[in-house]
Amino acid sequence: MQTEIIFSGFGGQGALFAGQLMAYTALELDKHVTWFPSYGPEMRGGTAHCTVIISDEEIGSPVVTNPSVAVVMNLPSLDKYEPLVKPDGVLVVNSSLVDREAKRKDIEIVSVPANEIAEEMGEKRLANMILLGALLERLPILPADKVADALDRHIPEHRRSLLEPNLVAMKRGASVASG
Amino acid sequence: MTNPEMVESLIYEKPESLTDIGTHYCPGCTHGISHRLIAEVIDEMGAREDIIGIAPVGCAVFAYNYFNMDFAEAAHGRAPAMATGVKRVNPDKVVFTYQGDGDLASIGAAEILHATGRGENITVIFINNAIYGMTGGQMAPTTLPGQRTTSTPLGRDIELHGFPLRMCEILSQMDGAAYIVRRSLHDVAHIRKAKKALRTAFEVQRQGLGFSMVELLSSCPTNWNITAEDSLKWIETHMIPTYPLGDYKVHAALSVK
Amino acid sequence: MAKELLKGNDAFAEAAIRAGCEAYFGYPITPQTEALEHMSKRMPELRRVFLQAESEVAAINMVYGAACAGVRTMTSSSSPGISLMMEGLSYIAGSEVPVVVVNVMRGGPGLGNIAPSQADYNQMVKGGGHGDYHPIVLAPATVQEMIDLTVEAFDLAEKYRTIVAILADGSLGQIMEPAELPPMQPVRKLKDRPSWALTGAKKRDPNIISSIYIDPVEEEKVNLRLMAKKAEIEANEVRFRELLLDDAEFAVVAFGTAGRIAQSAITEARAEGIKVGLMRPISLFPFPYERIHQLADEVKAMLVVEMNGGQMLEDVRLGVEGKVPVSFYGRMGGMVPMPEEVLEEIQKLARSVKN
Ligand SMILES: Cc1ncc(C[n+]2csc(CCOP(=O)(O)OP(=O)(O)O)c2C)c(N)n1
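Residue numbers (the working numbering), protein chains in the order written: chain A, 1 to 179; chain B, 180 to 436; chain C, 437 to 791.
Calculated directly from the structure, the hints in this document are not laboratory data.
Where hints are given, some of them may not hold.
Unchecked claim - Derived pair list, reagent style DSS-like, types lysine-lysine, alpha-carbon separation capped at 27 Å: (1) B:Lys193 - B:Lys372; (2) C:Lys784 - A:Lys86; (3) A:Lys146 - C:Lys439.
This one's a predicted model, so the numbers in the text were calculated from it and none came from an experiment.
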């Protein structure tokens, strides 16, 4: 079994970190995993995405044309990745930052107003975790409690106060996805 | 549709020497201000069609997208050498380089020194932001003692990394230098002075007096990890004491109108 | 030691530290800078030498100096920076001091871009600087190999008193994968430095390290010695990895990241019933000519995949000696081939031979 996930948004939205968190969790579960970021010269404002591949076997290519999952945090990411998700794959859309519905009928679409929920929670940087929570609810590739453990281990020290809110954010995302 | 009661007067216009393309610079970065000042000066001199620019490797690597004139892109640090080649075969054109502190004072130290030594009749615009912007905030030769960068995580330790290089002070010692000055971009009054200096530097070249350089103390809020506003204050409170503003060399024969 | 999730650039830097690297000199350049930053933090912690040089020209000559003093030393950079190091590398080769260099390649020529590339194959594998010399060149394809080959590089450099280059691409620098770091080796004690090292001529004759031999007779002797060393390396240090070649009718030859991508394509092709396997050279110098030569007897055709315009391709053809057709698929300028593209080339190859 191999699952390819693309997490994509504006720089600063936490797409890379959310992907890393999945990679850390996969490592703890003794799975094969690769995390491959976009990297660019723009320090600010550009788009950022990463490809995470989680597999039971050795991973060949760290990049894929057609991922099983795309989590898109803004409109350019939706436009880019919606057509690329594999048939029967999953597309998680941050509906707060896109002004159109996803069009594909052959994939599962999970629409989450992540920014609104995050703002409700009083911390707009939580949108990435809300979307991750939603994804894991729909496609349980990694157990949510293991992700929480990994977060506890890898959250940067100066962000530690955000640990609890992050965990709550994942749950909020999960409840949107299950509802 | 015009309202006869109102008289239109144009108070702001984009210089012809700039293109319509928005820059890629981070919010609060002063590269954009330097670009505009240079473009205004070139417009005022009516020199747009007579000027050739050389872009550096650094955040200003795409400068030629923003300047509306002939331009070449040099290898990291080599802009003064490339400008030399362009100028020697185009002696009646105005040739300038635009370089960051890593480009000019680190990897390109030999080229800038020898261009000055030769009294090469070019103009160098030197953007000193005390850091490597493009590669994500490593130490530059101009990084201040104690300043944290991604390659001096505990702050620049002069025992390990040496002292900041003061390029105006160094180059002004050389016989080939005709006009060497340092200005700052941290507020409007200083920006005005910077513009005057740029004009003078190009005049020096036009008068064939030799090598001219304007150093501009500049901001990098992204890699200094502070707000845009604080970064302007930081120039004033931290950079100017290490890099005093002033005229380090002015050729005696310079005639300014 | 347990596996950790490591970024390629951090991983090889830490591996070098664990292998006893005592002095690192470098200059920032994307997509390699994290290695320099890692060193800037770790080396002072361990009271070892880290210095950000004023340029790659200076960095490689600082490495040259430290190597002359008999310590384990290295630098790392990316393509434009490596170009600047070529003079220094030629001097180092001529002086026969052990040095490790990592090139995290990016798109070129010129300033190019910062995307992954393999276009410095010829530069590194064929020498790069002036004169007749061949660095050992090792090409990792995973973060674990980045680690293991870096450690090995220090041993090989000292064993043969040669340059060992790690040739990786931007994606290997940036990727994170689970990998295991080796245990920490102590740095060499001053008294254990090699007898040829510059440590002060106390109670011994002065040691001279130089690459100038004005008398061509002498210079030729040095060259002959370098050639003898080359032959020894060719005999002993060939490394490659093979996959699914036992019953294969076709072989894909690809190194580094292109090798991994080809591996995915091969899995797909096998699922379609095409009998294809992978030959992934790990030592690019010494190149596995012999194995390629044998392989040409076992398969009907070969496909070379690279992230360049066809550089290793020439070495594969030298190995094949015309015995089977060799086709090529490459992406350039920082473009990474996708598994589907390679699959299509494999399908073409299979069709062309059947027809
Ligand atoms: C030979 C070479 N070495 C390193 C680099 C990587 N590099 C690109 S920009 C840069 C530093 C730029 O800093 P600076 O000149 O201060 O300009 P800024 O980006 O701050 O405007 C470096 C080291 C390169 N492109 N070429």
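Quick rundown of the hints versus the structure:
{"no.": "1", "hint": "B:Lys193 - B:Lys372", "in the structure": "20 Å, holds"}
{"no.": "2", "hint": "C:Lys784 - A:Lys86", "in the structure": "24 Å, holds"}
{"no.": "3", "hint": "A:Lys146 - C:Lys439", "in the structure": "17 Å, holds"}
In summary, the structure agrees with every hint in the numbered list given earlier.
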